[in-house]
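Fit chain B to the supplied structure of chain A, relying on the hints for placement.
Keeping their order, the protein sequence lines are chains A and B.
FYI, my numbering numbers position 110 of the first sequence as 110, with every residue one higher than the one before it.
One gets my numbering by counting positions in the second sequence from 1 and adding 1000 to each.
Note that these hints are calculated values from the structure, not bench results.
Mixed in with the good hints, there may be bad ones.
Said to hold, decoys possible - EDC-like cross-link-like pairs, simulated, lysine to aspartate or glutamate; straight-line CA separation at most 20 Å:
1. B:1073 <-> B:1044
2. B:1016 <-> B:1055
3. B:1109 <-> A:22
4. A:79 <-> A:26
5. A:79 <-> A:59
6. B:1003 <-> A:85
7. B:1109 <-> A:85
8. B:1073 <-> B:1015
9. B:1109 <-> B:1022
Stated by the list, open to error - Cβ-Cβ distance ranges computed for the label pairs, FRET-style:
10. A:67 <-> B:1056: 37 to 45 Å
11. B:1060 <-> A:1: 34 to 42 Å
12. B:1044 <-> A:82: 25 to 33 Å
13. A:82 <-> B:1052: 38 to 46 Å
C-beta atoms are modelled at their ideal positions from N, C-alpha and C, and glycine is treated no differently.
One letter stands for each residue in the lines below.
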Amino acid sequence: SQTIHQWPATLVQPVGSPLSLECTVEGTSNPNLYWYRQAAGRGLQLLFYSVGIGQISSEVPQNLSASRPQDRQFILSSKKLLLSDSGFYLCASNRASSYNSPLHFGNGTRLTVT
Amino acid sequence: AQKITQTQPGMFVQEKEAVTLDCTYDTSDPSYGLFWYKQPSSGEMIFLIYQGSYDQQNATEGRYSLNFQKARKSANLVISASQLGDSAMYFCAMREFSGGGADGLTFGKGTHLIIQP
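Chain A on its own, in the form it takes in the complex:
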């Protein structure tokens, strides 16, 4: 089964600083990869998804960007963080071309922008 490694677990960053969150996947090849954000006490909002190396789709225009430099690596970045970027960020993956495949999630990164 798939294992999602995501780090760091917690992060406190000042406004205007850069951000890089990394996610790697084990146990599958050519997965679909996703970045979600969860505001405190809220549901999950899809930020980006990728169906292959270098292929990124953005769901919400914002201060963030994503990249997929390798098949099982997904990176979430920002050049300058805003207070509104605070939240719980979750990386997820599932098998490509499998409609009933659930998303497998990493343990998340809790980001606080101060």
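Same frame as chain A, now just chain B:
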């Protein structure tokens, strides 16, 4: 318009009782899948159960079952014999198949379930 609606922000239930968590959805796609996830206070998202729109029978997985009423567009999660460890946030989510399935799941806002001893 919201695609997934969970009308119960919070629920308190006595241990060993059955629990029903409500979920209604909105889609014009004839092919879709519905998923339920559990999120304990640690934050991890745990997949519980899946129901496909063309599945003839309601899905079951251990103490979890899904009360799927397609005409009413509802997919309620039923937890039998609740346990203290069931206390968590529960999310209903949907994937519409017409999009190719790659564009992730759409989640509801969740229900915070607390099991009382």
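Item to check | Structure versus earlier hints, numbers of those that do not hold, lowest first | outcome: Violated: hints 1, 2, 3, 4, 6, 8, 11.
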